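Visitor: Letter by letter, the chains look like this.
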Amino acid sequence: ILNVEQSPQSLHVQEGDSTNFTCSFPSSNFYALHWYRWETAKSPEALFVMTLNGDEKKKGRISATLNTKEGYSYLYIKGSQPEDSATYLCAFIGSSNTGKLIFGQGTTLQVKP
Amino acid sequence: DGGITQSPKYLFRKEGQNVTLSCEQNLNHDAMYWYRQDPGQGLRLIYYSQIVNDFQKGDIAEGYSVSREKKESFPLTVTSAQKNPTAFYLCASTISGPLSYNEQFFGPGTRLTVL
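So the sequences go chain by chain: A and B.
Quick note on numbering: the first sequence equals residues 1 to 113 in the numbering used here.
Quick note on numbering: the second sequence equals residues 1001 to 1115 in the numbering used here.
In isolation and in its complexed conformation, chain B is listed as follows (with noise of 0.2 Å):
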């Protein structure tokens, strides 16, 4: 079946360590994404990339690194920098293209627990 696959679903870290999510997609989709959500709050922008070997930083970049180096695949790497890195991680892919209205498709998630 078609679809993003995230991994791992849970994951747990000892502060200072660097971390990286895992982020696969066999849909055949030119953008991939990276967003954060916090309690209360809405999906934030972290990193995307609209193309191979490429890619632009969201609202909430710092802290954060990522390399998109083939089409179907986006990690993120969660660095030491990144001061509140507890939350939880969502990966999504859509068709780029001229119709970049395109609806988004999302993995199931990783939950980060920094301790």
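Excised from the complex, chain A in its bound form (with noise of 0.2 Å):
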């Protein structure tokens, strides 16, 4: 089984401040890595998917960086805010079996105001 590992596994931090997590990955066979976000009492929503060496996504104040030669993802969460409180899912695809998504075992984000 494929090893998908997260870091760090929770995070505490004030409003107001910037964080970033990591998501660790097989480097070899790399088809693509997805990142979630899970809030309490909602289904995980996707926040990105990506499939290119270099890639970078942003969606207002959350961002996420890829490089697949050495096999990580990070996720920047830019003057985090309460709402931002959720767990952080990252998920990767290997080419030999597109079909299906391994999980990292998330980091759960709590912002205090």
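Some hints could be false.
In the EDC-like style, the derived pairs of lysine to aspartate or glutamate whose C-alpha atoms are separated by at most 20 Å in a straight line are [stated by the list, open to error]:
#1 A:K100 <-> B:D1059
#2 A:K42 <-> B:E1103
#3 A:K58 <-> A:E83
#4 A:K100 <-> B:E1103
#5 B:K1009 <-> A:E45
#6 A:K100 <-> B:E1062
#7 B:K1009 <-> B:E1072
#8 B:K1071 <-> B:D1054
#9 A:K42 <-> B:D1038
#10 B:K1009 <-> A:E39
#11 A:K58 <-> A:E45
#12 A:K59 <-> B:E1103
#13 A:K42 <-> A:E83
#14 A:K78 <-> A:D55
#15 B:K1071 <-> B:D1030
#16 A:K58 <-> B:E1103
#17 A:K100 <-> B:E1072
#18 A:K100 <-> B:D1054
#19 B:K1070 <-> B:E1024
#20 A:K100 <-> B:D1030
#21 A:K42 <-> B:E1024
#22 A:K57 <-> B:E1103
What follows is a list of derived Cβ distance ranges for each label pair [stated by the list, open to error]:
#23 B:S1073 <-> A:Y31: 22 to 30 Å
#24 B:G1063 <-> A:N3: 22 to 30 Å
#25 B:E1072 <-> A:G16: 41 to 49 Å
#26 A:Q14 <-> B:L1027: 35 to 43 Å
Since the hints were made in silico from the structure, they are not lab data.
Every value quoted in this text rests on a predicted model; they were computed, and no experiment measured them.
Every residue gets a Cβ at the ideal spot worked out from N, C-alpha and C, and that includes glycine.
Dock chain to chain to rebuild the complex, using the hints, since each chain is given by itself in its own frame.
Guide: Encoded structure:
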């Protein structure tokens, strides 16, 4: 089973702080990487789908970068707000089986007002 | 509104009983997935189906069964052979096809507790 690791497991920041998390995945046989946000009592929602080495994606205050050669992706949140509190999941798709996602265990962010 | 529905939200069953979790989507998606979440772990794939009348085992298929008789429906049966069935179950779907890196859309989940 391929391994996808996320760090840190949890994070507590103050409102206004900027923060970032890491997703590590196998650098060989890369096909795509997804980032999802999962708020309490809601369903996970896609933030980004990344496919190319060097990809940078942005949605409001949240952005992500991708390095497929070394097998990592960073998710950045600029000026964290309480509504950013959620679990952030990354999911790897390998070229040997493009039908399935392999999820990391998630990073849980708590933003204190 | 288009989306994925799962029912029920909470389910309690006695040990040794089979139970079926419902998942329906009206997004016209070809591919559907079942995941399980346990505390401190990521989503683990149980079964997935990329087309009607076809499905594949995921990483933790033992003790589970599925069917895909209709495009919009992908029910999951948790059998008595599943040794630790108490968990949170999520269903998802996506557009399939050549560009199969498309984002997945998730249902609200079913929390199953086996007493």
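Visitor: All hints are to be evaluated individually against the structure, with a verdict given for each.
Guide: Okay, the hints, checked on the actual structure:
1. Our distance criterion of 20 Å between C-alpha atoms is met by K100 (chain A) and D1059 (chain B), whose separation comes to about 10 Å.
2. With a C-alpha separation of about 17 Å, the suggested pairing of K42 (chain A) with E1103 (chain B) holds against the 20 Å cut-off.
3. Between K58 (chain A) and E83 (chain A), the direct Cα distance comes to roughly 17 Å. Compliance with the 20 Å bound is thereby established for this hinted pair.
4. Taken as a hint, the K100 (chain A) and E1103 (chain B) pair is honoured in the structure, with Cα atoms around 11 Å apart against an allowance of 20 Å.
5. With a C-alpha separation of about 18 Å, the suggested pair K1009 (chain B) and E45 (chain A) falls inside the 20 Å cut-off, and the hint holds.
6. A hinted pair counts as satisfied when its Cα atoms are at most 20 Å apart, and K100 (chain A) with E1062 (chain B) qualifies at roughly 18 Å.
7. At roughly 19 Å between alpha-carbon atoms, K1009 (chain B) and E1072 (chain B) fall within 20 Å of each other, so this suggested pair holds.
8. Restraint check for K1071 (chain B) and D1054 (chain B): satisfied, since their Cα atoms lie roughly 11 Å apart, inside the 20 Å limit.
9. At most 20 Å may separate the alpha-carbon atoms for a hinted pair to count; K42 (chain A) and D1038 (chain B) meet this at roughly 16 Å.
10. Distance hint between K1009 (chain B) and E39 (chain A) is fulfilled; the C-alpha atoms sit about 17 Å from each other, no more than 20 Å.
11. For the suggested pair K58 (chain A) and E45 (chain A), the alpha carbons sit about 15 Å apart, so the restraint of at most 20 Å is met.
12. This hinted pair checks out: K59 (chain A) and E1103 (chain B) have alpha carbons roughly 15 Å apart, not beyond 20 Å.
13. Of the supplied pair hints, the one linking K42 (chain A) and E83 (chain A) holds, its CA atoms being roughly 13 Å apart against a limit of 20 Å.
14. For the suggested pair K78 (chain A) and D55 (chain A), the alpha carbons sit about 18 Å apart, so the restraint of at most 20 Å is met.
15. Simply put, K1071 (chain B) and D1030 (chain B) have alpha-carbon atoms about 7 Å apart, close enough for the 20 Å limit, and the pair holds.
16. For the suggested pair K58 (chain A) and E1103 (chain B), the alpha carbons sit about 16 Å apart, so the restraint of at most 20 Å is met.
17. About 19 Å separates the Cα atoms of K100 (chain A) and E1072 (chain B), which keeps this hinted pair within 20 Å; it holds.
18. This hinted pair checks out: K100 (chain A) and D1054 (chain B) have alpha carbons roughly 15 Å apart, not beyond 20 Å.
19. For the given pair, K1070 (chain B) sits about 10 Å from E1024 (chain B) by alpha-carbon distance, which is consistent with the 20 Å threshold.
20. Restraint check: the Cα-Cα separation between K100 (chain A) and D1030 (chain B) comes to about 13 Å, which is no more than 20 Å; the hinted pair holds.
21. Distance restraint check for K42 (chain A) and E1024 (chain B): the Cα-Cα separation of roughly 17 Å lies within the 20 Å cut-off, and the hinted pair is therefore satisfied.
22. Among the hinted pairs, K57 (chain A) with E1103 (chain B) is consistent with the structure: their alpha-carbon atoms are about 14 Å apart, no more than 20 Å.
23. At about 28 Å, the CB distance of S1073 (chain B) to Y31 (chain A) agrees with the hint of 22 to 30 Å.
24. Between G1063 (chain B) and N3 (chain A) the Cβ separation comes to about 23 Å, which falls inside the hinted range of 22 to 30 Å.
25. Distance hint check for E1072 (chain B) and G16 (chain A): the Cβ-Cβ separation is about 44 Å, which falls inside the suggested range of 41 to 49 Å.
26. In this structure the hint that Q14 (chain A) and L1027 (chain B) lie 35 to 43 Å apart at CB holds, the actual value being about 39 Å.
Figure legend: structure checked against the earlier numbered hints; every hint is met.
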